[in-house]
Each structure stands twice: as C-alpha cells, then as structure tokens.
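Visitor: With these hints in hand, go ahead and build the complete structure from the sequences.
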Amino acid sequence: MFKRLGHNPFRLLLLLALLVLGGCGDPPWNDPWPSEDVSGSVFFSSFAERPKYLDPARSYSSNEWAFISQVYEPPLQYHYLKRSYELVPLTADGMPEVRRYDAAGRLLPADAPADQVATTEYLIHIRPGIRYQPHPAFAHTADGRYRYWPLREEGLAERYTLADFSETGTRELVAADYAYQIKRLAFPPNHSPLAGLLAEHIEDFAAFAKVAAEQALRDRAAGRLWTDLRPLQMEGVRVIDRYTCSIRLKDSYPQFIYWLATNFFAPMPWEAERFHAQPGMIERNITLNWYPVGTGPFMLTENNPNLRMVLERNPNFHGERYPAEGSEADRARGLLDDAGRPMPFIDKAVYTLEKEAIPRWNKFLQGYYDSSGIASDSFDQAVQLAADGDARLTPEMREKGIALDTAVETSIYYMSFNMRDPMVGGDPDDPADQQRARKLRQAIAIAVDWEEFIAIFNNGRGLPAHGPLPPGIFGYREGREGINPVVYRWQDGKPVRRSIEEAKRLLAEAGYPDGIDPVTGNALVLYYDTALSGPGSKSILQWYVNQFRKLGISLVVRATDYNRFQEKMLKGAAQIFSWGWNADYPDPENFLFLLYGPNGKVEHHGENAANFTNAGFDALFERMKNLPNGAERQQVIDRMVAILQTESPWLFGYYPKAFSLHHAWYHNALPHLMANNTLKYKRIDGALRARRQKEWNQPVTWPLWTLLGLLVLSAVPAIRDYRARERRRAR
Amino acid sequence: MMAYIVRRVLYVIPILVGVNLLTFLLFFVVNSPDDMARMHLGVKRVSDQAIAEWKAERGYDKPLVWNAGAEGLDKLTDTIFFDKSVRLFAFDFGQSDSGRNIGHDIAQRMWPSLAIAIPIMLVGLAVNISFSLLLAFFRGTYLDFWGVVLCVAMMSVSGLFYIIGGQVLLGKLLNLFPISGYAPGPDAWRFLVLPVIIGVISGIGSGTRWYRTLFLEEVGKDFVRTARAKGLSERAVLFGHVLRNALIPILTGVVVVIPTLFMGSLLLESFFGIPGLGSYTIDAISRQDFAIVRAMVFLGAVLYVLGLLLTDISYTLVDPRVRLQ
Amino acid sequence: MGFQPVVLATDALIYLLLALAVGFALYARRHEHLRAPWRQVAASRTAMGALVVLVVYVFIGLLDTVHFRPLQGQDAQGRPRYATEVLSLLDLITTPLREHREKTYSAPFATHLYMRETIELPDGRKVRDYPRLKWGGAHLADPADRAADIARRVAAGLVLGLAIWGGALLLAARGRPARFRCLLRAPELAALRSAAWTGLVVALLLGLVLTLAGVWHLLGTDKVGEDVFYQSLKSVRTGLVIGTLTTLVMLPAAVLLGIMAGYFRGWVDDVIQYLYTTLSSVPGVLLIAAAVLMMQIYMNNHQAEFNSLAERADLRLLFLCLILGVTSWTSLCRLLRGETLKLRQLEYVQAAQAFGVRHFTILARHVLPNVMHIVLIVVVLDFSGLVLAEAVLSYINIGVDPNTNSWGNMINSARLELAREPVVWWSLVAAFVFIFMLVLAANLFADVVRDAFDPRLRERT
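Protein chains in written order, with my numbering: chain A, 1 to 731; chain B, 1 to 325; chain C, 1 to 461.
No wet-lab data here; the hints were simulated from the structure. One thing to keep in mind: the hints can contain errors.
[As the list claims (entries may be wrong)] Okay, the calculated bits of chain B under chain C, using three or more residues with CB under 8 Å as the criterion:
1. 144-156
2. 289-298
[Claimed, not checked] Straight-line alpha carbon distances no greater than 20 Å define the calculated EDC-like cross-link-like pairs of lysine to aspartate or glutamate that follow:
3. A/K694 <-> B/D187
4. C/K134 <-> A/D449
5. A/K568 <-> B/D35
6. A/K210 <-> B/D48
7. C/K103 <-> A/D449
By construction, the Cβ of each residue, glycine as well, lies at the ideal position given by its N, Cα and C atoms.
Guide: What follows is the structure, encoded as structure tokens:
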C-alpha cells in the first residue's frame, strides 16, 4: 500500500497539485473515511482507548461494552424508551420465574420476609430459533466434522485475523450456552471481575471454581489447551431442557435480576471457546478477547484497535422490533416514528480511534461523526445556558441541524475522607475525638463549593449532590426533604449553601480556630491524594487548594500515577481523595454499598474506599437491600442518608449531566444510562449526510495561492540583484 | 573492511545487554509485577488471587534478577530478567502483557511510521538544501541576512505550535486535509500530507541553517576560489563544486538517521492518530506494558547502533581517504 | 515585615551556578586567551541586543529564586509564626497580580468575564450575562471608559519607560555628556548602541507593565481566573532552571569521563565509551518517563519531608533536570573525548608526561583549561533546546509538576482552550511570545559565542 504511493513525495505533491487545480472534487478533501459510502446506512463514531477485553466474562468497562453489547445478548435487557428503567426480555421469552424456598426446601410465597429465604431459584426460558452469527468455529465439512477443529499449527499459516478463515457456520442458541457462560465466570483463569460477587450468591459457585481449576491443571499437564467445562457440574446452574435453565442462589438477592441484563450473563457457545483454544491462536491474537461471537444484531468484522473497529449487520439475527410503547414526549420528539419496524436500521458501524478531543470535535462539526459528547472546552460553542439554567444549542449549532440530548447520569462524583486516617476519621475509641473529626469534616463539606466546581469545570453540567443516590435511582429525594441539612439550608424555595462563617465556627469547635493547628501553631495541613495528571488537572487541583484555604487549612496535593494511587487506597494511606461511581444497575443498593462497613477497602478489599463503618448504617443496609421498592424502603433509605449527611464521610460532590449532540441525519437518539445495546435502535439518513458533508467542507485555497504569490514576489529583488552581480562580473 | 564490520557487530552485543539491563531495572524499580497485574486486570472487583494468577501465567512470579532459592546456574537463569531477555536477541519479541504478538504488531505499525518519516526526510532534505543553496548563493546580501534570521526564528518556535497551528489552519479553517486519522491502502496519502507538511516546516529552520554553514565552508575553500577564478559562473561553481563536495557530510548525516526512521515520530503520530511505532511506544508507557516497552527499547538500540555502523561505512565509501581500523 | 528565608534545592544550585559564573568571569578577566573571544562577543550587535533580553529574563528568574516564608503572626507562646506558603521576591513584587484572581477566563484588558453567568439584578430578576470582573478594570465606574483609561495609562507608561531609560543611560554615562555623544556616534560602539536600543524597548515595556498591570489583566486570566501574565513571569524561572541546571548537573560527569576517556585511552576509554553508547541507545523519552515515575514513588515514600507544595514541585523540577542531564551528557562527553585525544598529542602535554608529572595534575593544568571553551559552547547551545524540550515533555505528562508554572504546562492546557468557541487564545500566545523571545535571544547569543570561541566546532555540533 504504502509502497505504491507513500514514499514518493514528488508524486504526492503532483497529486496535491492536480487536486488543487481540479477544484472541488468528490468526496470532500478532508474526508477522513474516503473508502466508506457516507450516503449509505453507515454509522460513524469513535473510541478514545483501545478496548482491552471483549470476552463477556471479563469485560467490565463502558468502552468495551459499547462494542460487545451489540454482539452478545443476555437473557434480559432494558426497555429503550421507558424511564424509570425497566427490564424486559431479550432472548428470554418472558421475565424469569423467581421461586423462593426456605431452609427445608419448601416453596415460599412471594411476599415472605427475606430472612426466611434460604434458596432463590431463577427459571429462564429462552426463545427457540435464535441463531449465532456466522463464525468459523461452527463451520462443518461435508462429512459433518468441524472444519477448523482440530487444526494443526500449519493450518494457521498466513492467518492473522478471524476473517482469514473463509468458511463459517452457525448453530441454534440453547440454554446450555447460558449455563456454560456462568461456569466460565467461575473458571479462575478467566479472571472474571464478577467471580467474587457471584461466589457469595450462586450455589456451589466457589467449589466449582476449585474443581475447574484442578481440571485445568490436569489438562495443562496433559498438553490440552482447552478445559471443557461442560462435564463439570455446578449445583447452582442446571439445564432443564433445551431452552430452559435455572440458577439457584443461596440467599435472597433481589438485585441479581439486574445482572441478568449484563454481558456477564451472555451465552457462550463452547465451540467458539474450543476453537480459540487451539495452538497458535493466542500468538496470533485470535482469541475471544478480540473476536466476540454472539446472537445480537451486529457482529464485529474488523478489529484493528490501532485504527478502527467495524460492526456489521448479523445476517442470522433473529429479528426484533422497535418498541411501540413510549410517552407522548417521546412521540413528539419522533422517537416513536419507527415503532414496530424491524431492527437494526444500520448496516455498518465504523468506530475510529480518536485519542484527542479536539480533532474529534472538529470532525463532528464537519459532519464526519454522527454524534458527539461535548468536551468542557467546546461547551460554549455548542450550548447556551438560559437564565433558568436550561441548556439550549447556540444558533450556530441549530443552523447546522444539530440536536442536543441531556440526562442526569446515574453516577456520582464525590470527595471522600479516609475514615481510618486519625486526623480526618478520628479515634474510633474516643467519642470526643470522633466529635472533633466529624466537625472538621462538616466544616470542609460546607467550604468546598461544588456549585462553583460544576460551573467552572463542567459548564454547569451537573447537579450538586445532597446524598449518595442520584436521581433516577429509587430513594432519591428532590426538593426540601432531599437537602443535606449539614451543608445547606432551605431558603426561598431552594437549597442555599451554608456560609463560610458557619464552617469556620464548626472548625473552631473542632479545635482549629482560623484553621490553626494548636499542636504546631501553624495552619492545619491536610493531604489530598490524586492520580490526576495532564492538561486541566492543574486548575482543578488549584481550585481544591483554594477551597480549603477559605478555612485557613493548607491542603497539600499528593499527585501520583494511578497504580500508586490504587496502592494507597488499598493500604488506606490516603487522607482525602476524589472518586466516582457509575451505577451497575438502577438500585439504591448499588450506591449505598459503597459505604457499607463490611465492604471496607482496607480490611475486606471491597469498594468502600472511605473505610466508613457505622453500626447503625450497616444494620439498615442489611434491611434495605432485601426490601422491595416502596414506602418502607424509602423510609429506611432516608435514615441511612441522614446518617451519612451527619457523619460526612463523603463530600457528596455532584451527579454529572451527560450532554450529547447529534446531527439531523441521526434518528432515535435517546440517552440510556443503563443499556449499552442501543445501536440497533439508531437510524441514519445517509443521503442527507452526504449532502451536508459536501456543503460544509468546501476547501479554501486562496490563502495558499496568496502565500505562493508572496514568495515569488519576495524573490524578485533577489534575482535582480543576482543578475546585476553576474553582469558586473562579466564586465 | 569485513573484519572491521564483524568486530563492530560483535561490539554491539554487550551494548544491547547493557541496554536491556538498564530498561529492565528502570522499569521494575518503578513498577512491581503486582502493579502491572492490577493495571491489566482493570479496576473494579479485582482479587489478590487473580493478581497471583496473572503473574504466574506471564512468568512474573519469579525473582527479578537473582534467584536465591535456586541451585547453581539457575540462580541466574530462573529469573524474570533471564526469561524475558534471552529471546529478544533472536528478535523473538513474544507476546505483550495484554496478549498480543509484538512482532506482528511491530511489523504492521512500521509502515505508517515509515510512511510519514520517509517523506518528511526526503522532502525536508530537498527543501532544506534548496533553501540553503539559495542563501549561500545570495550570501552577504539582505536575503541571506533575513533568511538566517528567519531560520533562527523558526527554530525558536516549539514544535507543538507547528502542529497545533497546522491542524487548526489547514485542517479546520481551510478544510484542505483531514484533521487527523489514518487509512491503510491507497487512501493513506490524504492523511499523510498534513503531518508531512508540518514535519517539513518544523525542520526547515535548523536544517537550512546547518546546510548553509556546510556550503559556506566549501565556498571558502581554495578549489572553489580557483574555479571561480577560471571564470565559471556562480551557478556552475555552486552546483558543480560546492554542492558536490558538501554532499559527503550531508549523506553521512542522513545515513545515521535512516534506521531511526523506523521508530516513528512520537509527537506527530500521537497528535494525528497515526498507528505507527511512535504512538505504540507512548501507549505502552502509559499502559505500563513492559513487554512492548522492552521490545521497543531493544529495537531502538539495535537501530541506533546500526546507524552508527552505517555512518562509518558510508564515510569510507564516499571518501577514500578515511580508513577504518 | 518578618520572614524566614527558604532555600529550595534548585535555589541552592542556582546560587552555585551564579558563583561559578562570577568565578569564571573573574578568571577570564585575567587571561587574555579567554578575554579575546569575549571581546569579540561584546563587539557583536546581535549578541549585545540578545544579551539585554537574556539579562531581563535572568533578572526575573533570580527574583523568583529568592524564597522565603512571610511572618503570619505569633502563636500562644509569642514565637513568630510563618506562613506555610513559600513566596519569592517576584511574588512579593507582583502581589497584586497574584491576588487579583477572577472566577474564570477573561480576555486581555477585559472588564467582563469571558463566560456568561446567571446574575441576579437588583429587582430580583435573573439574566444570563457576562459579569463584571472582580479586579480587571474594577477601578472604572463605567466600563465604557475602558479605551480612554487604557490610552491614558499607555501614554503614562511610555513616558515612564522613557524616563527609566534616560535615567539608566545617564547613570551609565555618569552624567558626562561627552560619553553620551560618543555612545551615539562612535562606530566602534555600535554593539553598545544596539544594547541601548534593546534596553529602550525593555524600558518601555517595563513602563507599560508598571502602569497597566495593577488594574488590568494584561494577558487575560486562565480557567481558574489566575492572571496569565503572572503565570508567564513565574514560568521564566522554570524555563531558565531547565535550560541551565540540566547542563550544570551533568557537567561533572561529562567532563570527568570525557577527558579521562580521551587521556587514558585503553580500557578506561573502552568502558566509558561503552557507558555512553549504551545510554544514548536508549530512547530518551523512555528513560525520562521511567525516571519521573520513579521519583514519584520516592516522594510518596518520603512524604513527611515535603510539607509544602513548593518543595515537592521543586524536587520534581530538579529531578527532571537531572534526568534530562543523564540523557544529554553523552554528546558533550563524546566531544570532550575527541578534543582530549588531540590535546594529548600536543608537545607540552607529552613533555609534561615525559617529566613524570602526575596524570591528575596534567589533566587539571593542561587538559581541562583547554577544553573549557567546548563546555561553554555546549552549555550555551543546549540551552534553547532544553527550554523547548520542557514544553514537549509536559505534553506527554512527564514534564514538571502540574502545579509548577511553566510554559509547557501553559501550552498543554491551552491546547484544549484552542477548541473553545469563542477561542481562548491568550495563554497560548503568552507562552509562545515568552518562549520565543527567550529562545531567539539565546540562539542568537549562542551563535556569536560559538563563532567567537571556536568556529571549527560548527561542524561537530
């Protein structure tokens, strides 16, 4: 490729010159995807970082799920249009049947109290007739043997991607594939991030892991690269018939159903795993981590994470229709225009690696990306905030036909104290010292002005948090009863942050008048630990320092790399730090467990990085997690939040708001904070896009000609000079 | 000559061992294998057991350079250092810590790197030599003076400004080129023009000034004066004598950088999203993928030493007076 | 006002460098072979013009090097209590700039913020508009008077600048008009004249700054409302430190190893050559990245020792100099080795050897003084490259501490600002102008120094 053109600069220049002379060509000169048909039903997007794991047992970050959620299909999914989020069947033909038993194995009624429940069983029945995408692992020869298994190493010569295996086949999805995947979650070499959690809940999960690991050792000793998990039994997972399987939990864990909508519970055909476990495959990167195999609307046909990833329509897709239920608002926005039509609408989705925000944004403006988030720095260009705080697009954007979607994310950014630190956490055995530390934390909670933070660093894209639960999660309270009384007071119908004087008073009560530490006689020194680096971090850190300075406290920033930061968190060596949490599923348990004592980071390696322990809170948590959503649960949550507000282990920070933009040719865009498999709902009007791209990208060449002219002109006196010199010499 | 080359090649081996040891120490003073495991396994819900297994799978569970627990020679060989280094010398880079085949990655990413580095070098050479010939031709006039001032001014501008300015001006405002990106195959040239232009422009200042001094030095020599005294025109003197004699230092200067072209340009590649070896290295550093870092350092060192060797040889070829001993 | 002096690690090295420079100057005065090239430098118009610019930068950098903690009151026992914050003389002088913090971006000479905000009007209505700045142009009752006020202050500033210049010239001429006339006319004083004209520009700028900077944000404010002009001034020290200390810290190793390799030859030469070939084979960026990470670990393990932000940032800066030194000493070492190889063939060295003079004495007496000019040239030539390198390293996040003011950090954050609409251009332009002036002056000066000391060296550097 490059041999033909790249290395000959003169030909390059010639080509350039021809283009310049030829005027406006087709497609636009700055078209970053010259080989793609922009007038077709192709979706263009980008990814900032190479997805590491595409194996559904392993993958646990949103940039990976953006791809595999279009390929893999777990039994359940979220309804695309309904808010609050609701689970609906995907490959299952109905919601799972939940049966609860007591210790004696008797079936309990649905409303039995949680402490009687000894076993919970989920019965999942999937639809027949669903088939996998074409994949070489399913390919058969005429005589019924597998085409690509067993392969000898020579069979891999010149094969570097999955596309180099020309023959493919398919197979029907069966319940055993789901069971197989759950076993894969338990299989230690797969390093599934969910293994720890599931071991606590699924029957026999931990014991199975041990047995499977031993089997893997035996296999390895015998030279087998693949450990077949099918013959190994896990009590908690049973295949009842071809289309039904059951999962048994050893407790009542109502949140389990949400996990059934994640990729961890997507089906895995054993043939694919066996195919990828053949010798030589790993060396060529032909692994499940690179090539997902699923039943979903799309399949990954090109995986070159240095450059681009391409999803294409799965020809074997079982078919799904665009949802018809939606609100009037949805109808008004045109979100129901496609109701009942078969999905997916897009033939191909091209994701290009784009590490820098600026080129990405500019390409969006040029029409080369169909949708885009808004970086803080391009915000003013795109969005004007009206006086009432409502966001509207700037005239420039509206003229281009760009539309804006906003949604408060189900996540929280918070600043946390490490409660094990004697300075900010207090001596657990000394109530007086605890009182001191609590007042110190409360004073800081008032001083750090998150409203200002949101205004400066997020362009107002965020909601100051009064508690750990973001809106959209059950238990969140709006208005007067939702405010954090320690930090705010209710005034004129809105929360008003308490004054810095009140904070200073609290600080003085804590024993630090004007922020002076009585021990040293100097300003109190607190430490802020961060892994923040890169452009923009300086101003954020400076802002934190300024906030503490308001109290006379001197905040020392200890910036490190991410590894070191993690290590500090694990050892509990940090003092104050910031962190965020993104909901795994829309249940308050998923947020409140971040402060549950037995989840402490240092002692239990859990997610409670604040290492906060409070007996009252822990007891309430135990109750809350098994309650169904309702008045009783709300009451318990209110009490838990009140404890957190008083104790202030976190400065609650803010709930970010997601703003996304899309062009006029991009339809059915609706932010969904839980579902990742949303590509199938999207529709593209390629003809309009092609027209607009051409319109917006007329090359401007006159400055080049002017520059050239100037250069020639500047040479004139020099040439005259030379002539004169030559003449002189000739004389 | 042959013996000399063989000796030089042998001399390369201890250098590569040294380089290897140095990278190894630097890397592991900074990162413990535990860090690497945590980095690769992700953030949420990682158990200690998973870390231990990750290390065992990749052979990071051994001691770093000295295995006190082993017997005899194994003390030295049953270590991470020995395991990971020996194969490098056969140019078998093995797999990256994230499971990719490094040799294959390098072979793929080399082409985009070369596709910008070679045009930049060739076009840059042509542009710089023509500009400096112009300056040498008009030496002592206002053109020469302001030309040199311009060169110094261009040298004083940080490379970042050239890139940012070029992207904004040519890509965004004038719509002439894609702002960033890359496509393999015949479309690649679209994406290469802008980085090449920027690469050439940012090199004009120092390049032109350097070649100008070379030319002026030749101009001052006796044989040039003789030629001029014979009545040759200024143009003939410049092209016939000065340029030809200055070619020796120019050529040797070029030869020494040829091998390093493979390594790609860190800044250009990461700004323009070109999947070359430069951005590969930067990514590996930030992802702490030790296997890639080590492979790239090794490759870099090999190419560097190769460049030195090539220079020596090219000296003898262009200038028979130089003898290698 | 009481204070407690603070000497940061880089401060100490800067003082050392200053002492060395003074020592060298005194030494050079007494030795003709050193004086002659300097005289040549002093006779060059470009060099003297550039020198004035450099002196201004160095002056700012030195002001920013004298650190102290101001007195903050007394504790219960009556002992003085000092602020935790470390300030420098420059901070003291520019106190208004430092403390005139706005909320966020504002353009140069702006009276209003660059971003709209919800403002509550006296009658309770709310509008979204650009609020007035807290400091910039706050002395004006009506922002419409801006142009007039600026014009007035510019005029005053120019007059003040002229006065300063005139005063300085008079001082230089010691009040004697004859000297003054001589300076204006004499052809042999052309270099001095160019210095004087550059001085005029500097003086005018100084006048403008004095009259304007107190009430306006000359170069606007950044994202958190810090004055960009202040940041640019603070960055001067960082740039200078990287440009000079890097060479200073690598100097002992490079000089010692270089002349040892050239003088002793044999196995010493082999070992040293091996050392620098190996080091220079490792791609520099990688070495720097690894070392910077390493230092962070060190800092985390010794947290108690760095109580103030300034100390941490300073150590990181010093470390960056060190590691840049490690990657750049090899070229100097190679040059010195080559030069020493030639020197040891000279008669007087051979003679000394024949007389049985100790090696060390020969090295110190005969070799070292004769290679010093190479050292000098390399120091001067490397300077501008290092200043530019700082910016690039900050871009890949292995540069100075993100809390340190530096041009690299300014460019790095400005990169994102460039995509804003309306564009925030002033940080980038400020960094560009400040780097450009310094590097241009340094390049011009270095050229002249090189030509004066060793025109042949052109081939090799």
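Visitor: Within the stretch 144-156 of chain B, is the number of residues with a Cβ closer than 8 Å to a Cβ of chain C three or more?
Guide: holds (count 4)
Visitor: Check the hint pairing A/K210 with B/D48 against an upper bound of 20 Å on the C-alpha distance.
Guide: Given pair A/K210, B/D48 holds - Cα atoms ~16 Å apart, limit 20 Å.
Visitor: Within a Cα-Cα threshold of 20 Å, do A/K694 and B/D187 meet the stated pairing?
Guide: holds, 18 Å
Visitor: What's the verdict on A/K568 and B/D35, does the C-alpha distance respect the 20 Å limit or exceed it?
Guide: holds, 12 Å
Visitor: Between the alpha carbons of C/K134 and A/D449, is the straight-line distance 20 Å or under?
Guide: Distance of about 19 Å is within 20 Å: holds.
Visitor: Using a Cβ cutoff of 8 Å, are there at least 3 residues of the stretch 289-298 of chain B near chain C, or does the coverage claim fail?
Guide: This one holds; 3 residues, not fewer than the three required, reach chain C with a Cβ under 8 Å.
Visitor: Could you grab the alpha-carbon distance between C/K103 and A/D449 and see if it respects the 20 Å cut-off?
Guide: holds, 13 Å
Comparing the model with each numbered hint stated earlier shows that all of them hold.
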